[in-house]
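**Student:** For the sequence shown, the working numbering gives the first residue as 2, with consecutive numbering after it.
Note that these hints are calculated values from the structure, not bench results.
Some hints here could point you the wrong way.
If you anchor each label on the Cβ, the simulated ranges turn out as follows [to be verified]:
| id | residue 1 | residue 2 | range |
| --- | --- | --- | --- |
| 1 | K140 | N76 | 27 to 33 Å |
| 2 | F124 | N76 | 29 to 35 Å |
| 3 | E100 | K9 | 36 to 42 Å |
With a straight-line cut-off of 30 Å between C-alpha atoms, the simulated DSSO-like cross-links for lysine-lysine are [as the list claims (entries may be wrong)]:
| id | residue 1 | residue 2 |
| --- | --- | --- |
| 4 | K88 | K11 |
| 5 | K30 | K11 |
| 6 | K88 | K173 |
From the three backbone atoms N, C-alpha and C, an ideal C-beta is built for every residue, glycine too.
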Amino acid sequence: MIVEFNDKSKFALKHLLDYIHAGLYNEPKTFDFIMKYLKSSKIFVDVGANIGGYAIRAAKYCKVYAFEPLPRNYNLLKLNEKINNVKINSFKVAAGNSEERIKLYYNSNYPGKPSVMRRQKDFIEVEMKQLDKLIDEEKIDLIKIDVEGAEDLVLEGAKNCLKRTNVVIIEKK
Numbered sequence: 002m003i004v005e006f007n008d009k010s011k012f013a014l015k016h017l018l019d020y021i022h023a024g025l026y027n028e029p030k031t032f033d034f035i036m037k038y039l040k041s042s043k044i045f046v047d048v049g050a051n052i053g054g055y056a057i058r059a060a061k062y063c064k065v066y067a068f069e070p071l072p073r074n075y076n077l078l079k080l081n082e083k084i085n086n087v088k089i090n091s092f093k094v095a096a097g098n099s100e101e102r103i104k105l106y107y108n109s110n111y112p113g114k115p116s117v118m119r120r121q122k123d124f125i126e127v128e129m130k131q132l133d134k135l136i137d138e139e140k141i142d143l144i145k146i147d148v149e150g151a152e153d154l155v156l157e158g159a160k161n162c163l164k165r166t167n168v169v170i171i172e173k174k
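Sequences are here, hints too, so could you generate the full structure?
**Tutor:** Right under this line is the structure:
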């Protein structure tokens, strides 16, 4: 199904919960702040981009780097990029503190919120990479991190990026 929002952005969803987990429903204050901030920005980094709830809309204003390791979510992110006719520099990797293959755990009944922290029995192996090795921008305006418990790993692998970043938003549960 494809859902269209007031701002004319459209999102392909495989499940109604995609709407919630992509930040399209339950994070209105965070979303409003990010969108207002990015209207005068140049570089946005979305770590844990899911299906692109933030990245797709931000790409209308600035250059976007999006990181999403779960193939199901990444494929929807790429589809949503195409539907909205925007350009995103997307990576199908888990951002972290090392360069290796890791286990990404998920609920097989609904794989929308994966985690490197073992909370489910099902997993797939994905590439983990450091943001410092993937982003070579002189200045980053905003980094959003929503990675279901692996925030510390992302920060460890982004020390140089953080030195060049104005604002960092971390969703911590």
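**Student:** Now, for every hint given, state plainly whether the structure supports it.
**Tutor:** Okay, the hints, checked on the actual structure:
no.: 1; hint: K140 to N76: 27 to 33 Å; verdict: 31 Å, holds
no.: 2; hint: F124 to N76: 29 to 35 Å; verdict: 18 Å, violated
no.: 3; hint: E100 to K9: 36 to 42 Å; verdict: 39 Å, holds
no.: 4; hint: K88 to K11; verdict: 14 Å, holds
no.: 5; hint: K30 to K11; verdict: 20 Å, holds
no.: 6; hint: K88 to K173; verdict: 28 Å, holds
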